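Assemble the whole structure, with the sequences as input and the hints as a guide.
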Amino acid sequence: MQEGVIINNISNYVLPMLVFVILVYGIIKKVDIYDKFIEGSKESFDLIFTIFPTMLAMIFGVNIFIKSGILDYIYNLFSIFKFIPSEILPMIFLRPISGGATLATLNNIFAKYGPDSISGLISSVIQGSTDTTFYVITLYFGSVGIKKIRYSLYAGLFADVIGIVSAIIVVKFFF
Amino acid sequence: MINKIWGFFIIVGISVCLLTNKISIINDEILSSGQQALDMIIKLFPVIALWLGIMKIAVTSGLLNKLSNLLSPLLKKLFPEIPKGHESLNYISSNIIANMFGLGSAATPFGLKAMESLQKLNKNKDTATRSMITFLVINTSGVTIIPTTIISMRMMHKSINPTCIIIPCIIATALATIGGVIMDRILARRCNNK
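Sequence lines, in order, name chains A and B.
All residue numbers for the first sequence refer to the numbering used here, where the first residue is 2 and numbers rise by one.
All residue numbers for the second sequence refer to the numbering used here, where the first residue is 362 and numbers rise by one.
These are calculated hints, taken from the structure and not from any lab test.
All clues stand as given, with none of them false.
Here are a few chain A residues that face chain B, going by a calculated C-beta distance under 8 Å: (1) Met56; (2) Thr131; (3) Ile150; (4) Phe159.
Calculated cross-link-like contacts (lysine-lysine; reagent style DSBU-like; alpha-carbon spacing at most 30 Å): (5) Lys438(B) <-> Lys484(B); (6) Lys486(B) <-> Lys438(B); (7) Lys43(A) <-> Lys484(B); (8) Lys83(A) <-> Lys519(B); (9) Lys484(B) <-> Lys148(A); (10) Lys404(B) <-> Lys68(A).
Take a look, some chain A residues computed to stay more than 10 Å from chain B by CB distance: (11) Tyr76; (12) Asn77; (13) Leu78; (14) Lys83; (15) Leu90.
The structure displayed is predicted, hence computed values, not measured ones.
Glycine included, each C-beta is placed from N, C-alpha and C at the ideal position.
So this is what it looks like as C-alpha cells:
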C-alpha cells in the first residue's frame, strides 16, 4: 500500500508542476501568458467539431459489433488455448477496439478474481501496456481528414499483439 | 480501409443479432450511440480547450522547443522525413512525454496538434504519411511508465501491492513499441517498393 500511496502522490504533483513550470517559464520569457492561453484555447472549438462525427461513427460501429455478442463465439473458439485464462479473453479482444468496454472488463475481473490473482495481474499489464488502437486511429486521422490510412492498422494491431503476448509471458515469469 | 472495417463491424453486428433474435439491441444502440459519443466529446472538450491554451504558452515561450531538443536524437531516427526544427517534433515529444507519465488527458491534445502539423508537411491530404503512421504506432502501444489509472483501480480493489505491475508494464510496453516500430518500418518499405 505504501508504495501505491507514494506513486499516487507523485502523479498528483505532475500536472500542477507542469502548469507551474510552463507559466513561470512563459513569464521569464516575457510571453503574454493570458492572451496566449485564450488564443490556444480557441482552437479547441474547431478541433471538437472535426472529431465529433469521427467519434460518433466509431462508437456506433464498435457498439453494434460488441453488443451483438459475436465476441462470445470468438472467446469460445480461443478457450482451447489453455495457457490463457479464459476470463481475460474479453480483455484481449476488446482492448484494441473499445477503451470503455476494457475498463469495465478490468473492473469485473478485479471484483471477481481480485487484482492480485494471475488474471488480475495479466489484465492490469495488458491495460497498461497497450492503447485503444482503433480509437487512436479514427481520432487522430479523423481530426486532419486522412481517409487512406494505409498500413497503420496492421502496424498498430501488431504492436497490440506483441503487448498482449508480452503481458502474459512477463506476468507468468514475474509472479 | 476505414470504410471496410466500419461497414464490417456494423454488418456483422446486425447479422449476428438477426440470427440470434436479439434485434432489440440494435434498436437501443441506434438511439444511444449518439448520446454516448456526445458524452465522450463533452468530457474531452474542456480538457482539450485547457491544454491547448496552456500549450500555446509553452510554444510561444520556446519551452516546448527545449523539450524536443532533449528527445531529438531519438526523434531523428524515428521520423527521418520531418525537417529539423519543424514544429511537429515539439508536439510529438510532448505527446510522448505526457503518455510516459500516464497523463492521458494532456497527451491527446498534444497528439492532435502533432497530427495537425504533420498534415502541413503532407502532399496528399487524404493519405497518411509514413511519419503519421509511426507516430500512431508509438501512441497505440502505450509508452506508459506510470500507469496511473490502473494503479488507482488496483488500490480501489484493495490490492496488497498495487504498484507491482509497473515493471511488467514497462517491459510489455517497451516490447510492444519496439515491435510496432519494426513492423511499421517493414510495411513502409514494402509500400515504397510497390
